[in-house]
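*Asks:* Residue-level listing of the chains:
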Amino acid sequence: MRSIALIAVFAAGALALSGCNARQEADGATSQELLNVSYDPTRELWKALNKEFIADYKKQTGVTLDMKQSHAGSSSQARSVIEGLDADVVTLAMPPDTEAIAKAGLIKQGWQERLPNGSLPYSSTIVFVVRKGNPKVVKDWPDLVREDVAVITPSPKTSGNGKLSFLAGWGSIVLRGGSEKDATDYIGKLYQHVPVLDSGARAATTTFAQKKIGDVHLTWENEAFFEVKEAGGELEIVYPQISIRAEPRVAVVDANVDRKKTRAAAEAYLKFLYTPEAQEIIASNYYRPFKPEILHKHSESFQSVELFTIQQIANDWAAAESRFFADGGVFDQIYSAPKQ
Amino acid sequence: MSKTNRHVLPGFSLSLGYTLLYLSLLTMVPLVACFTKAFSLSFDQFWAAVWTPRTIAAYQFSLMVAFVSSIASVVLGFVIAWVLVRYEFPLKRFFDALIDLPFALPTAVAGLVYSGLYVENGWLGQFLVPLGIYGAYSRFAVVLVLTFLGIPFVVRTLEPVLDSLEADKEEAAYLLGANRAQTFWRVIFPTLIPAAITGFALSLARGLGEYGSVVFVSGNMPFRTEIAPVLIVARLEQFAYAEATAIAVVLLIISFAMLVLINLLERWSSRYYG
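Chains as they are written, first to last, in numbering that gives the first Met the number 0: chain A, 0 to 339; chain B, 0 to 273.
No wet-lab data here; the hints were simulated from the structure.
Wrong hints could be hidden among the right ones.
To be verified - Rough simulated footprint, nothing fancy, chain B against chain A, three-plus residues with beta-carbon under 8 Å:
id, segment
1, 31–43
2, 248–260
3, 299–309
What the hints assert, rightly or not - Between beta-carbon pairs, the in silico distance windows are:
id, chain 1, residue 1, chain 2, residue 2, range
4, A, R113, B, D43, 51 to 59 Å
5, B, L130, A, G187, 26 to 34 Å
6, B, F93, A, K270, 56 to 64 Å
7, A, A103, B, Q125, 34 to 42 Å
8, B, G208, A, H297, 41 to 49 Å
9, B, L20, A, A103, 56 to 64 Å
10, B, D99, A, Q311, 26 to 34 Å
11, B, Q44, A, P141, 35 to 43 Å
12, A, K188, B, P129, 56 to 64 Å
13, A, K211, B, L130, 16 to 24 Å
14, A, A325, B, Q59, 18 to 26 Å
Since we're looking at a predicted model, the values are computed, not measured.
Ideal Cβ positions, reconstructed from N, Cα and C, are used throughout, including at glycine.
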């Protein structure tokens, strides 16, 4: 009697679980759904791009697309895709995140070569946001370690923004003639000026803009524009003389598009990013477009700053990741146990 | 089950089946998966992941703040429960409902609000910071927010006990010649101990694992205000799943050991006082 009831309950549970696995085929449909898994601050950018692309694609193929966007921290998005989030394309902040998905076998090796400019339709960089009138006269990287300056930047352990800020600071030393030891010293000093290590980019923005902690906020160029606009005249942007080129590369998730039969639409979507109209949308959302003529057209927004690439300070992004941010890496060495 | 064994309520076997299914699907399976993942590491790798000066500092900090805030929760929670049970006052029902707010509020919101209040230009911070009281981005800040989250556990476990503790017991104690302090320490207090321990345990367990609110108030400075769950997230960001779960397993073992200890303590106290 009892065992029958037990079996019944287990069976019901199993049935309910297997029901979740039923999938719908998208083959030959006149409407399709595409999921773009991206990082945090790109919400507005992709919304604008999707609107344009849906109209374009309908005109060309007659297929109506339902574009879905997902936004969160770049690495946690990569983990979601690895664990089964059905992304058709990934547009993540840091190349190692996309590489991790490739390593899991979901994206074919050599993905960077499949689209123009190393699959990089736009780039960005790290700039400074300061309080109105720049009261602490912060102009460039060396100013950040002056006695009276407090810096807000999220933890490089948990934030792409934090990693880029760290690397930009490091590069500002080694690419201007400093030794690696100078760079380590500088970075060590820099993080002593960071009173709060927020876990993510948005939390750091809140700390700086709303709670008014710190004198300088290191952040993405596109985020800086929004932050300054939001603050209604309380904040302004300062361009350092040198900074890092952030590379939010894009890729089709092969395993998913083949299963969902959405490859054609997904590939068209990413190619669309390189068209003049998409590049124009990208620029007006304050991301640096790949096409030089469109970047030039918007040169009023994008002040010139010497952008260095990751290859100038490390072999590639993966090497930088393991040298600087992995357990026991350069960043961890900054913080040592308090002497007792 | 023999035919003569009748239960008061029907459906025993169905509900047992449901309970087992629930426990296995929602609790045991994830726990086993967690342990399996962590033990995909060799012993040396496991040890290297969970036992570094940085992780030890984080375990200590997590334990310390959870412990201090739970004690604070018990003291403050007792006062609140006492007032709610023993006195009538306007808007009592409203205040009573307010107690449950921390259960419902997303903890990240609590964290953001707390740190916003206590920073130098915040409503409370503008008065407290000049006095040297840092209620945001400090160890004290973490204790504050964990106490906020812990109090409802204590209030809700103490309330029914206080409720059943009728005022005539106090009157009897008084008539038998006990003064107020004696009445409290020898009549009321012993009855409350088992419930207070339960409330303490619940709030301690909550405090050990809390992430959402703490990351917003602690400042996450390594060796100073970094909690262990932050290290788990940091490992995940490196795609080091096994190392992340290894730390989680250590936290689990600590929590479990604490709960067992507290359970023993509770049993002992209910035998002794009850």
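*Asks:* Does the Cβ pair A325 of chain A, Q59 of chain B satisfy 18 to 26 Å?
*Replies:* holds (24 Å)
*Asks:* Honestly, do L20 of chain B and A103 of chain A meet the 56 to 64 Å range at C-beta?
*Replies:* violated (32 Å)
*Asks:* Would you say the segment 248–260 of chain A counts as covered by chain B, given the rule of at least 3 residues with C-beta under 8 Å?
*Replies:* Violated - the segment 248–260 of chain A has 0 residues with a Cβ nearer than 8 Å to chain B, which falls short of three.
*Asks:* Are R113 of chain A and D43 of chain B spaced within 51 to 59 Å by their CB atoms?
*Replies:* Check failed, 40 Å falls outside 51 to 59 Å.
*Asks:* Mind taking a look at whether chain B covers the segment 31–43 of chain A? Criterion is 3 or more residues with CB to CB distance under 8 Å.
*Replies:* n = 0 at 8 Å, threshold three: violated.
*Asks:* Given the hint of 34 to 42 Å, is the C-beta distance from A103 of chain A to Q125 of chain B inside that range or not?
*Replies:* About 50 Å separates the Cβ atoms of A103 of chain A and Q125 of chain B, which means 34 to 42 Å is violated.
*Asks:* Determine whether the Cβ-Cβ distance between D99 of chain B and Q311 of chain A falls within the hinted range of 26 to 34 Å.
*Replies:* violated (56 Å)
*Asks:* Given the hint of 16 to 24 Å, check if K211 of chain A and L130 of chain B actually sit that far apart at their C-beta atoms.
*Replies:* holds (19 Å)
*Asks:* Hint says 41 to 49 Å; check whether the CB-CB distance for G208 of chain B and H297 of chain A agrees.
*Replies:* holds (47 Å)
*Asks:* Kindly confirm whether 56 to 64 Å is satisfied by the beta carbon distance between K188 of chain A and P129 of chain B.
*Replies:* Hint violated: Cβ distance 28 Å, outside 56 to 64 Å.
*Asks:* Quick check: the segment 299–309 of chain A, covered by chain B? Criterion 3+ residues, Cβ under 8 Å.
*Replies:* violated (count 0)
*Asks:* For the hint 56 to 64 Å, verify it against the beta carbon of F93 of chain B and that of K270 of chain A.
*Replies:* About 59 Å separates the Cβ atoms of F93 of chain B and K270 of chain A, which means 56 to 64 Å holds.
The structure does not agree with the numbered hints 1, 2, 3, 4, 7, 9, 10, 12 stated previously, though it agrees with the rest.
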